[in-house]
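Student: Turn these sequences into a full structure, and let the hints steer you where they fit.
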Amino acid sequence: MTAAAIFPALPLFLPELLLAGGALALLLIGAFAGPRSTAFVNGMTLLLLIVAGALVAMQPEGRTIAFNGAFVVDGFGRFMKVLALIGAAGALMLSFDDFRQRRLSAFEYPVLVLLSVTGMMVMISAGDLIALYIGLELQSLAIYVICAFDRDSTRSTEAGLKYFVLGALSSGMLLYGASLIYGFTGTVSFAGIAAAVTGAPHSGVIFGLAFLAAGLAFKMSAVPFHMWTPDVYEGAPTPVTAFLASAPKVAAVAITVRVLVGAFPGITGQWQQIIVFVSFASMALGAFAAIGQHNIKRLMAYSSIGHMGFALVGLAAGTEQGVYGVLLYMAIYVAMTLGVFACIVSMRRNGQPVEAISDLAGLSKQHPAMAYLFALLMFSLAGIPPLAGFFAKFYVFAAAIQAKLTLLAVFGILTSVVGAFYYLRIVKVMFFDEPKEALDPMPGAAKLVLALSSIVTVGYFVAPALLNVVAVAAAKTLF
Amino acid sequence: MPDAKLPLTLMLFLPFASSAATALMPAGARNLVAWLAGLTALAVFGLGLWAAPEIYAGTVLRAQYAWLPEYGLNFSIRLDGFAWAFAMIVSGIGALVVLYARYYMSPDDSAPRFFAFLLGFMGAMLGVVISGNLIQLVFFWELTSLFSFLLIAYWHHKDAARDGARMALTVTAAGGLSLFAGMLIIGHIVGSYELDVVLSSGRTIVDHAMYPAALALVAFGALTKSAQFPFHFWLPRAMTAPTPVSAYLHSATMVKAGVFLLARMWPVMAASDYWFWVFTPVGAATLLIGAFLAMFQQDLKGLLAYSTISHLGLIVLLLGLGSPLAAVAAIFHMINHATFKASLFMAAGIIDHEAGTRDIRQLGGLYRAMPITATLAMAAAAAMAGVPLLNGFLSKEMFFAETIESHVDSAFDHTLPYLATLAGMFSVAYSLRLIDQVFFGPEATDLPRKPHDPAIWMLAPAALLALMCLLVGVLPTWTISGFLSAAVFGVLGALTPEYSLAVWHGLTPALLMSVVALGGGTLTYLGLKDYLSGAVEGPPLLRRLSGKRLFERAIAMLSWRWARVLEELLGTNRLQSQLRALVVIMVLAGCWPLLAGAGFSPAAALASVGVWLGNTWLSPRWLTSSAPMVGMFDPALLLVWAVGVACAVGAAWQAKYHRLVALILMGGSGLATSITFVWYSAPDLALTQLLVEIVTVVLILLGLRWMPRRDELIPDDQLTSARLRRLRDLFIAIAAGCGVAALAFAVLTSEQTATIGDEMIRRAHPEGGGHNVVNVILVDFRGFDTLGEITVLGAVAITVFALLRRFRPARDSFAAPDQKRFQTEYDSTRYAPGKDPINAHYMLVQGVIIRLLFPVICAMAAFLFMRGHDLPGGGFIGGLTFAIAFILQYIAGGARWVEDRLVVLPVRWIGAGILLAAATGLGALLFGRPFLTTAFRYVELPLFGKTPMASALSFDLGVFALVFGATVLMLIAIAHQSIRVYRTMEKASVREKAAARSRGDV
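Order-wise, the sequence lines are chains A and B.
Just so you know, we're using the UniProt record's numbering here: the first sequence kicks off at 1 and counts up by one.
Just so you know, we're using the UniProt record's numbering here: the second sequence kicks off at 1 and counts up by one.
Incorrect hints may have been included.
Stated by the list, open to error - Heads up, incomplete: computed chain A residues facing chain B, CB under 10 angstroms, no partners named:
#1 Ser170
#2 Pro224
#3 Phe431
#4 Ile455
#5 Gly459
Note that these hints are calculated values from the structure, not bench results.
Think of the CB as a built atom: it goes at the ideal place given N, C-alpha and C, for glycine as much as any other residue.
Tutor: Here it is as structure tokens:
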């Protein structure tokens, strides 16, 4: 590749370049200025994420290809990138106060978040298997480290190690699948694979697809590759959990959609089976296993597994309407998740973080505003109208029914009934249980995140078109 | 048609707007919020009156806003006769309830909160009835559940209120989600969610294959909402709500939403036997069971709740019959029931308010103390019992007449009239009981308060409703017929049958049933009177059939037992089990394509595996192919592979308890790999592999010393289970390994199209000036990659160094190994103390040899490096070889000995390597070429002869320096542990001594 081929691509690659370069610069600043630079690095990171988001939003409409097809900029990618950036920025804001109180503040954290987000952006825009893998690993490696960020806590280090070991295995599977696909199609580019895989493909390609899907399902924490999720969510410091639950999920779902729809449109029937199964299993496990949890972070882990199942219902449809449903589902999911974690991060008593659901008892008396918004978010997660969560479910289920996956849609709704049960339990605890000692007041950044998230969740139904128009355009670019 | 957009929109949004406004008012503003709420309800009612002429003329008013256009979903309001009738009930009774609540709620209760919820509920309920599309209907439907939850839990300091609220929400919200699924299916069948389209779809829904599914889901939603058996249990529990809430939600509005929906969908869904068999039996059961249980309630509101359940059962039964006349009766009864039941709830609230109790056994003779209340309640209760000249009588007559008609010919259909009469008897009995035991009989003496009639404004709403019962009952054609026909037309349209609202139809069978019911009911009550006045709670039969208990048991089952079982089965916190699960799933996932290809039959899958393997292994291409394939069958290579495989298996076998053995075996299998490379004419690769094997084995060996010890002993009682576990793991490993190997083999033997390899070979010499293609690729074609890679390698080495610098070995690895201790002990018996013969001599022979080898290996490294461009060798290999020379010295002499004699500065080597490589690349820029362009020529050097001198050589030198520096840096980091451990041990012993001293002092 010559310089001439690279430089026209640069404007397309500018947000990623900005994040990567920014991460390196901030790393140097942090390394030389020491701990007192943490606040500066935090602020700059937030700024970089916002600027990158603006740059992504300003990229040209339609579909543009760079780096010989390895990097694709399209409406779909831009939508998902902005979501990932929002998720990362929100989670980062939640870390400021929490890390200060835990005495964990360090400039490395925002830098690692930046690197991870860079990986996500590359992954979302990946046009071939190599770019996919590079993005995926950059994202994952940074996350392994931040999971273990609280080095003095055994749970945190265990979480990081566990995620690393299992993640390495799953990356191995993904690579294995990718190499099988390359072996049988002779190309790594999604477009090339799409051209090669039609009709009745070699069973080796199907093997490759199965392994590739397994690796991606692991990153999404979809059943049956979910086993790391509860432990890691519980063990990692709460702001890290918030990050885990938002941005990487968006990236993983985005690349899964892109790979399946972009590279295997010829064998939709084959991957549909995988996705239907994964979706079934995730919704069921997410609903039932969450019921017995006492720790709110573990509960959110199962809840996120269930929500990935719901999002995949849209992908299972395999249609443009389905992808549109997935896009909106992820957008609403990120909004709700950030709000919920803003509340969970603020669960401290006398400066010590608490995580049991019973610690929320009587919250409505001590912090009524937080309790009401938290309850609204719970209702939204349960999918009860008029909150945004209801619409998210509506979009994916409607797509599934259009695609004649009635059983899947009905099953999904039944599991959301079960899910409603445990979300309501939290509401009950907050409003009706005998209050314990009061929780500490909410920090400012968390208030802001909670407020923004609530506005989206509650206000979405007033003007759904604001978001939907963008999503429609985004979904079109994939088909 | 006048422009209805604004009035309709106002109708829906006024309550929500007032709700929000009310919520923001201060807690003390009781009158203000009550006025606001009342005026809002009246305004909605007024808008309804405004629309009345249009509605009576049979027009349907509509208003639409774009909402989710891409789903064809508009926010649409659709007001036809039926919706209008309900809207009038919702707003009219709403206004009365607001007035009543103003006087009912005590000053201690937060009025803004109460009225905000009440108005919110009113808006949601209006939304349900006037929604113009199905999704919007579900949306408001769930909203009513939500507000009902908030209203029931209004007194949330009471346990019962919280439980009741939660139960109501769980049941109705679950029903709502199910309804949502049903609506999605209906929308799919019809192709639109718009109510207009759905209602004009004729038999499309009934004839569709998915009709039963849609029916089941819609039925679940409607039946839970309308508290039908077996989901009725939440309604009596919801009686913990303030009485105005019960009067509003649980008699007139929310519970009516279920039957409203059934009536709404009736024209397009009822024309099927499924419909009859779902709703008629459920309605009949609810009618009977509700009425039966109502007789035995001791709580006044409990009685009314069960009576409501029973009456809703009646309506469901009527709708289930599927005949238009029955539907008319159902709609009429909805209206009538709303009137008399709301009035009765208000009366019950007044009694509770004034007498301080709702227990029927405590109350008695209240007629004297509160005559007006008593008269009103009696009128309403008589309407409930179906006494002639009251509205309840009219719809009940229609009901009786309908049960006699045959609908779906069956034994069940024929017994319906008897069931209906029986239920009528029960209904008379509990109405009679309510009147007799509360207002007559001996005067109660032990009431918490002294009862008297309440303020006039608290009585007025109940009075107005009771008056309506009477007026409708006496003069139906003058009062209700217009209203009813509008509502009926809204549902049935052209299907509207002839019906008559006359009080007297002559001597019909229905009249006979009414007479039997009235007479039988009176007798039943007289027979049960003594039993009921006793201390018995609840009915004689069916006491054990408690829906609440079933619900709680189901919830407990779902929430704890299943969840726990599931977690035990699937959840695990142990990394080992998680890894095992992951591998097993992958093996299964690997089987999936085979199964999927073979139609999910294991036998066919096995057959397809056989065919597939047969095809790949025995394909003609395989047998006839040329050179590289033939070697595969060479016995010598197979032997090497057998050894390699044995080494690998052995390494895995020993990995847990004998790490050293495992490590050495691993080296053995690596060696087999190297030999394979040689075999297939890849000397460069083989050389690299060999050196990498050596270096890694040695580095791991050095690190092994500091690994924590493992306890080798497994207790006897766990031995069997441990063996079984390992056996299982063995099988998993074999399955996974064989699968991976088979797939890899399939890929390797598959048809390859032109690869990049051929291209590289063709261009290596002409363009890169080297015969060693690998080296040319590394330093020239992909020089940029290599530059990146060596940078990473350098960074990794520095990271390893930085990590190990802080590393302190585990306590249990401080002590010298057993072998060394044993030798030292033995030596101490033979040599003078103080001498350490082991440290001095044990590496003597090897040490001498290794020191002699040092210059040889260095020369070898230089040689490998220099020839790299054309023959196997190069910077990477040379660097590793050079590093091995140093590693050997460290092994033989120990870190201190080496560092006393040699100055190694690995970090500088690393830095120099990167700089050199980068500078070479940049050098090309000086000649106006792109970064990393190489030039080459052969030069005659004095000692070496003809030597290839590419600029890539200088780049390669950078690689050499860096690889050497990185490897040695890691080596040093590990080797220094042995120096550091003594320091750590000293510190530890000092600490222990200090601790011992301080203990001694104490």
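Student: All hints are to be evaluated individually against the structure, with a verdict given for each.
Tutor: Cross-check of the supplied hints:
Checking serine 170/A against chain B by beta carbon gives a least distance of about 7 angstroms; that is within 10 angstroms, so the hint holds. Given hint, proline 224/A at the interface with chain B, holds; its Cβ is 5 angstroms from that chain's nearest Cβ, closer than 10 angstroms. Annotation: interface hint on phenylalanine 431/A holds; nearest CB of chain B at approximately 6 angstroms, less than 10 angstroms. The beta carbon of isoleucine 455/A is not positioned within 10 angstroms of any beta carbon in chain B (closest approach about 15 angstroms), and the interface hint is therefore violated.
Hint on glycine 459/A is violated. Least Cβ distance to chain B is approximately 13 angstroms, over the 10 angstroms limit.
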